[in-house]
Amino acid sequence: MTPAKKHGVLGAPKKSAYSFERWQFDWERQYMEQLEEDADVFAWTKNHKIRIPYIDFQSRKREYRPDFLVKLATGKVELHEVKGGHLKHMPDTKRKLEAGRRWCAERGIEFVLVTKE
Amino acid sequence: MRNAFTPYEKQYLEWADEGFPGVEPATEQFLEHVLDPARERSLWPGQRAGLLRAIYAFEVLGRRNLLLNIVTGGGKTAIIGACIAWLRWVHGVRSFLVLSPNTIVRERLRGDFSGARVFHDFDLFPATHSHYINDLGLHTLESGAALQGMLESGIVLGNIQQLYGGAGNEKLAAVLNFLGDLAVFNDEAHNTPAPEYTDVLKALSGKQVLRLDTTATPDRADGQEPDSEMIYEYGIAQALDDGIVKSTVVYQPDIKSVELTYTDPNTGEQVSVEEIDWEAIDDGRVKATKWVTDTKPRREQLKIALARLEEQRKRAAGRYKPILFVVAVGIADARATQKELESSFGVRALVVTEDSTDEERLEAMRIAEEASPYHAVVSVLMLREGWDVPEVGVIALLRKFSSRVYGQQVIGRGLRKVVRKPEEREILAVVDHPKLDHSWLWELVRAKVKKDVKATDEFDLDEDLPEPVGPHEPELVDPEKIIEVPEPEGGPDGEFDFSTLIDEVPDEDEARKDWPDVLASTVYANEVVEITDVTVKGLKSINLDASGFVKYKSQDELDAEVVDPVEEAKLPPHEELLERLKEQIRALAGELLFEKGFAGKHRGALYEVISDHVDNKFLGGSGMAAASSVHLLYAGERLHDVRAAFMGPGIVSGIVTFPLARVS
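Residue numbers (our numbering), protein chains in the order written: chain Z, 1 to 117; chain S, 1 to 664.
Since the hints were derived computationally from the structure, they do not count as laboratory data.
Since the structure is predicted, the reported quantities are computational estimates derived from the model, not experimental observations.
Worth double-checking, as some hints may not be accurate.
Stated by the list, open to error - With a straight-line cut-off of 30 Å between C-alpha atoms, the simulated DSS-like cross-links for lysine-lysine are:
#: 1; chain 1: S; residue 1: Lys287; chain 2: S; residue 2: Lys435
#: 2; chain 1: S; residue 1: Lys601; chain 2: S; residue 2: Lys582
#: 3; chain 1: S; residue 1: Lys314; chain 2: S; residue 2: Lys296
#: 4; chain 1: Z; residue 1: Lys76; chain 2: Z; residue 2: Lys94
#: 5; chain 1: S; residue 1: Lys481; chain 2: Z; residue 2: Lys14
#: 6; chain 1: S; residue 1: Lys421; chain 2: S; residue 2: Lys321
#: 7; chain 1: S; residue 1: Lys10; chain 2: S; residue 2: Lys582
#: 8; chain 1: S; residue 1: Lys448; chain 2: S; residue 2: Lys314
#: 9; chain 1: S; residue 1: Lys10; chain 2: Z; residue 2: Lys49
#: 10; chain 1: Z; residue 1: Lys49; chain 2: S; residue 2: Lys421
#: 11; chain 1: S; residue 1: Lys435; chain 2: S; residue 2: Lys339
#: 12; chain 1: Z; residue 1: Lys94; chain 2: S; residue 2: Lys601
#: 13; chain 1: S; residue 1: Lys617; chain 2: S; residue 2: Lys513
#: 14; chain 1: S; residue 1: Lys421; chain 2: Z; residue 2: Lys15
#: 15; chain 1: S; residue 1: Lys448; chain 2: S; residue 2: Lys435
#: 16; chain 1: Z; residue 1: Lys94; chain 2: S; residue 2: Lys10
#: 17; chain 1: S; residue 1: Lys435; chain 2: S; residue 2: Lys296
#: 18; chain 1: S; residue 1: Lys287; chain 2: S; residue 2: Lys256
#: 19; chain 1: Z; residue 1: Lys76; chain 2: S; residue 2: Lys513
#: 20; chain 1: S; residue 1: Lys321; chain 2: S; residue 2: Lys339
#: 21; chain 1: S; residue 1: Lys513; chain 2: S; residue 2: Lys601
#: 22; chain 1: Z; residue 1: Lys76; chain 2: Z; residue 2: Lys49
#: 23; chain 1: S; residue 1: Lys617; chain 2: S; residue 2: Lys582
#: 24; chain 1: Z; residue 1: Lys94; chain 2: S; residue 2: Lys513
#: 25; chain 1: S; residue 1: Lys417; chain 2: S; residue 2: Lys450
#: 26; chain 1: Z; residue 1: Lys14; chain 2: S; residue 2: Lys421
#: 27; chain 1: S; residue 1: Lys314; chain 2: S; residue 2: Lys451
#: 28; chain 1: S; residue 1: Lys481; chain 2: Z; residue 2: Lys49
#: 29; chain 1: S; residue 1: Lys287; chain 2: S; residue 2: Lys314
#: 30; chain 1: Z; residue 1: Lys49; chain 2: Z; residue 2: Lys14
#: 31; chain 1: S; residue 1: Lys417; chain 2: S; residue 2: Lys448
#: 32; chain 1: S; residue 1: Lys481; chain 2: Z; residue 2: Lys15
Produce the entire structure from the sequences given, and follow the hints as far as they go.
Below, the structure is given as structure tokens:
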């Protein structure tokens, strides 16, 4: 009767600078928990202001929000983009990933694609 | 009411997460403005979702007849306002008709839309587009209002009764003849399934670009439902979690200390709750003056209610004026209750019933202002909707609800929060009685029920407050964990150079001008298709092969010989199968556009191409209507292969870019 919750928050994360982190999809929540447990990860957040410009399939200028900003224990900074298998074949996905790699390369940080089938 | 959005839920969430692919470019700009996390007054999660679903349904799915089911206090006016802003800006709609079922609802809307208030309050246009606000003046349909005003104002608000009477109604005629394309908003839309209301909506439908209904209770007491598609349910559970409505606490006395009885003043007959036919009272079969709550139980219930009002005043701590709302059996009972409140307790009370004047009703809307001498409202069932005074902090029930809808509507009057911040914890106190049998309602609103409450009991001010809800925006608590992103090499040079990106993006999906040839040369392998979802008497499964030759087999002899050709008579009617196939193709067209990132407006063109293709490949090429029933079924089962063909590089983009291309 009551509609299921479609979004939620991860309260008081250990490795985020913020009081909570918001998730839209369950796989995002799962990935957050994984980051929390990963000994190699020093800090992570989804609450960043990064917007990566790209050109979409219809040659329009667009921006997208990458998923996770991660800092490793070694001090290395990475962007983690989590994509379900179903999205891999969408034409814009490829363009976004390409733009993400470029964006990161310009800043000397690592772009990491995480796939969950 | 069925949620028509369920099949699209997953697609929709991905669409929202991926930054709204396939919408009009101006919609993107609009959304960027209203969803900007840095804005001063951000939309609540339910408001954002309501707006986004309406946009998705309209632009991506091509739906035109929508309903949002939003709990009272969920903020639907801002959603209506945002939809108006979007349609004005992006779709060039200039006329917006906002319809209300009665004067109380209309007056609330008038407050929201006069002086374009909702557009200013929620900052719905960026400065570059704020001139649109000038187009969104308000004209209210009421007796004596000049028709001219309707032509000069973008928003026309009125009670539906103002448009009754068919072609002879000059206001309706003016709307139909002088206004351009319309968007129609039905507030409290559970009222729409009435013959006269429906007639007006039917007359308007020819001119309407979009109809958007809003209600908290789409399911009516009589089982009818609005003639629109429900695309969103924002229910009490989510609203409580989001901290935007009060949580309900119910106070019930012991059944022995308060015996709830009623007396007929004319005959002296006394009855208990169970002996009254509440439905008969609510539909007018029993006179509303027949039963009056007995003085003793009424006084006890009021004592409990006034103690709660006192507690609510302490919680308000002078910031606002809490109001008591008493729900009586009928007019006679309401009057007697008012007298009791004033003479025994010194609390000034206002009676609002069907007989009340407009002035009394307006007084009820202003009751929480300091200047109003009243602290309580006594009503029958008439203040069920539209009367939205957030300060209603205590509801006392002297009667039983005859229907689930009435119960939800009445409690809804008290759910709006006074202090509209998620971190403010507020309760609605409801004084109930175990004999009223309302536990279904308390489950529905997730209320906390306190039993055996005595008139002298006092409660801790904090113990029943809801769990604290955090602010909507996360706070920085651990600066050490902030992750700095280095500036790009060569420093921040302002503008991003898009031209370099254009050269680099993979262009494998370039629009093909020769798409008709590609499609024509597609070869579909023969495939035996098993159709199990056809509910045909005496048939468990049908096997069809690509030649169209039909066999059917019973479930346990799948490997057995061909038994008999399918008798067409055993299949659903041809017309139904044809409609089903068309609907499948329409859905496929929408899905392909979505996947390829195109706007829903290309759907018609794509639908035509797919239909022709299916006809040529599977149905013999003489038109879908001419195909046999089994062929139609078969084609439907092969659409996943058709989908694969259309997903090929350059096909959908080719159809969109070169719609007139022909087989060479």
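Going down the list of hints, with the structure as the test:
no. : hint                 : result
1   : S:Lys287 to S:Lys435 : holds, 22 Å
2   : S:Lys601 to S:Lys582 : holds, 17 Å
3   : S:Lys314 to S:Lys296 : holds, 28 Å
4   : Z:Lys76 to Z:Lys94   : holds, 25 Å
5   : S:Lys481 to Z:Lys14  : holds, 9 Å
6   : S:Lys421 to S:Lys321 : holds, 18 Å
7   : S:Lys10 to S:Lys582  : holds, 23 Å
8   : S:Lys448 to S:Lys314 : holds, 20 Å
9   : S:Lys10 to Z:Lys49   : holds, 25 Å
10  : Z:Lys49 to S:Lys421  : holds, 24 Å
11  : S:Lys435 to S:Lys339 : holds, 25 Å
12  : Z:Lys94 to S:Lys601  : holds, 25 Å
13  : S:Lys617 to S:Lys513 : holds, 21 Å
14  : S:Lys421 to Z:Lys15  : holds, 28 Å
15  : S:Lys448 to S:Lys435 : holds, 17 Å
16  : Z:Lys94 to S:Lys10   : holds, 21 Å
17  : S:Lys435 to S:Lys296 : holds, 16 Å
18  : S:Lys287 to S:Lys256 : holds, 29 Å
19  : Z:Lys76 to S:Lys513  : violated, 47 Å
20  : S:Lys321 to S:Lys339 : holds, 22 Å
21  : S:Lys513 to S:Lys601 : holds, 20 Å
22  : Z:Lys76 to Z:Lys49   : holds, 19 Å
23  : S:Lys617 to S:Lys582 : holds, 15 Å
24  : Z:Lys94 to S:Lys513  : holds, 23 Å
25  : S:Lys417 to S:Lys450 : holds, 22 Å
26  : Z:Lys14 to S:Lys421  : holds, 27 Å
27  : S:Lys314 to S:Lys451 : holds, 23 Å
28  : S:Lys481 to Z:Lys49  : holds, 15 Å
29  : S:Lys287 to S:Lys314 : violated, 40 Å
30  : Z:Lys49 to Z:Lys14   : holds, 20 Å
31  : S:Lys417 to S:Lys448 : holds, 17 Å
32  : S:Lys481 to Z:Lys15  : holds, 7 Å
In terms of the numbered hints stated before, the structure departs from hints 19, 29, listed from lowest to highest.
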